[in-house]
Amino acid sequence: MLPAKYRALFITAASLCVVLFLLSGLDWHWRRAAAQLAVRELAACQVIATEIESLRATPKSASLQKQTEQQITLAIQRAAQVAEIPDSDILRITPQQGRRLGKSPHIQQPTAVEIRQATLGQLARFLGELSLVDVGLQSTSIRLAAPRTSPPASETERWACELVLTYLVFSPE
Amino acid sequence: MSKVTWLIEYRAGSYRFGRPRQDGELTDTSPTDPTDPASLVAAMQEAGYSGQPTMLAIPSSWCVSTSVVLASRRLARNRQAVAYALEERLPLSAEDIVYDFLAQDTFAFGVAADTSALLPIVRSLEEAGLEVATITPTAMLLLEHLAQRRRLPSDGVVLLGSGESCDFFVLAAARPQQWRCLPLDREVIARETAALLLAQANDLVLPVTAVNLSDEVAASLDNLGPEIGVTRQACDHDQALLAGAAEVLCRGQRPWIELRRDLIGEYDRYRLMRGSLRLLLLVVLITFVSLTTVARIRASRYQALTDALNNQKQALFQELFPEARVPTGIRSRLESERRMLVGMSVGNVQAPQLTSVTLRLVDALDALPTDLRFRLLEIRLEESSAYLEGEVRRHGDVDLLASSLRTRGFTVDPPRTEQLASEGVSFSLSLSTLPPPAEHE
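Chains as they are written, first to last, in the working numbering: chain A, 1 to 173; chain B, 1 to 441.
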């Protein structure tokens with residue numbers, strides 16, 4: 001091979017080597033940075049995972065999703081069944097418009113329930129059962145009205161009940 | 001330095017070549033035009049040429065020379081000034097020649113060659129693969145070699161016979177002052193010497209050194225008279241040429257006249273070190289390659305580490321969410337999950353808490369006295385307030401109810417009572433579950 005070709009070959013090889021070296025250097029730098037980032041990410045993820053496990057064990061005050069009307073109705077009927085309140089005495093179940101609490105990520109989701117008549121004992125069991133539901137239905141308003149006529153002495157007094165059952169939905173804007 | 005170098009001489013219509021320090025004589029090649037070095041290159045490659053630096057010795061007929069005296073020493077060493085001074089005495093313009101000169105005090109002896117004639121020759125040699133490192137006239141190289149070997153007087157005339165021509169040099173202080181290429185004719189040489197003798201201002205004997213000249217020429221010089229002292233020398237042309245080339249190519253000495261410059265190619269003092277420089281560059285290249293390899297190995301290790309860490313991260317996510325698909329941004333997903341769980345948790349101080357009124361209902365009913373006869377008709381409880389409506393026997397009984405509720409922490413507004421038409425007293429109580437406002441005295 002002639003020297004001129006050697007020269008061209010040498011320049012090409014040298015340029016290639018320098019370019020490869022620069023690319024490899026950059027690649028090394030990027031991969032090292034990526035590895036350092038991965039170390040930090042893993043450490044952060046481990047911390048978060050520990051917190052998540054801890055939070056999972058704590059009781060919930062809010063639901064993650066809004067319950068459907070059917071789900072709420074079903075929960076109320078089950079609670080009424082436990083409290084031995086006949087279905088026929090559940091006069092109305094009226095889901096109401098949710099309301100965001102200030103600038104918080106929580107929405108208050110109320111449902112109005114009207115019961116024809118129930119004893120205080122039944123009412124207490126009914127409300128207690130509802131508070132055990134996943135979403136944690138809480139009574140935020142109770143109105144009890146006594147019957148117009150006094151019941152016989154052998155019977156327990158029954159009250160007409162108007163309740164507002166509310167649960168919180170965690171829904172960041 | 002023991003490197004192999006080459007000498008090429010163009011003489012009498014053909015190229016000749018040899019290796020300084022290795023060959024004793026030059027090898028002839030077939031006659032050719034100087035711009036057609038194919039046969040030369042073939043012969044050199046056959047002899048082992050592979051890109052080593054080469055000296056091109058050109059015949060005297062390709063050169064012209066003259067000398068000038070400049071105004072100062074500084075000007076005598078200024079190439080531009082010397083060029084313009086030489087131009088006045090040369091048949092070519094300064095732009096059309098490649099030239100070099102020897103400066104001595106304010107005196108400059110210059111040698112030039114026609115660029116348009118020399119450049120095609122050099123280009124053809126280079127294109128044929130020869131590394132032309134230096135170009136110098138053959139006669140100047142021989143003269144320089146003889147002068148360095150102290151075989152010449154410092155002043156006088158030197159006649160170098162070579163083939164059909166004779167180079168006529170006038171020396172002063174061991175440096176050439178004049179140079180003419182004469183035909184190898186005893187009359188011409190004698191006439192030229194006589195002319196110089198006549199121009200000499202003193203009566204001193206003019207020493208004439210005749211190198212490789214015939215007896216006839218020497219005799220004709222002797223006949224010029226006692227003012228001329230002729231010394232004859234024999235010198236092997238090829239050996240002297242190879243030795244002179246060795247000084248330049250192997251020892252890096254700059255020749256007196258270097259025509260590998262300007263348009264012909266700048267004189268490069270490192271040209272002869274190209275081999276070493278190439279070796280250095282090769283080392284640099286190997287270093288680059290090594291560093292590149294190291295960088296790639298390290299990069300691959302970092303990549304493996306990153307992959308392992310990412311796998312751990314994915315395993316962590318799958319452990320937390322076995323049924324969920326592993327997202328791209330695991331950390332952000334985990335943070336999002338944590339935010340949601342924090343927002344859903346009871347212990348979250350920022351999350352609003354629903355106040356259940358069930359327990360307050362129980363508290364309120366439990367607070368009512370059992371030894372008092374009364375009847376409740378309506379009970380209303382809100383988040384922070386309550387309302388009781390009912391009937392008692394007497395007005396004062398309501399105060400008992402109110403005080404009982406206060407003992408359980410309720411704040412009770414003053415009760416309203418009203419005598420019923422039939423029997424008993426109706427009442428209404430407004431309660432607050434909030435603590436009573438502080439009294440200001």
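Quick caveat, the hints were computed from the structure, so don't treat them as lab data.
Treat the numbers as computed from the prediction; the structure is a model and nothing was measured.
There's no promise every hint is true.
What the hints assert, rightly or not - Partial pick of chain B residues on the chain A-facing surface, computed with a CB cut under 8 Å: (1) Leu281; (2) Val289; (3) Leu305; (4) Leu361; (5) Glu382.
For glycine and all other residues, C-beta sits at the position ideal for the given N, C-alpha and C.
Quick rundown of the hints versus the structure:
| no. | hint | verdict |
| --- | --- | --- |
| 1 | Leu281 | holds, 7 Å |
| 2 | Val289 | holds, 6 Å |
| 3 | Leu305 | holds, 5 Å |
| 4 | Leu361 | holds, 6 Å |
| 5 | Glu382 | holds, 5 Å |
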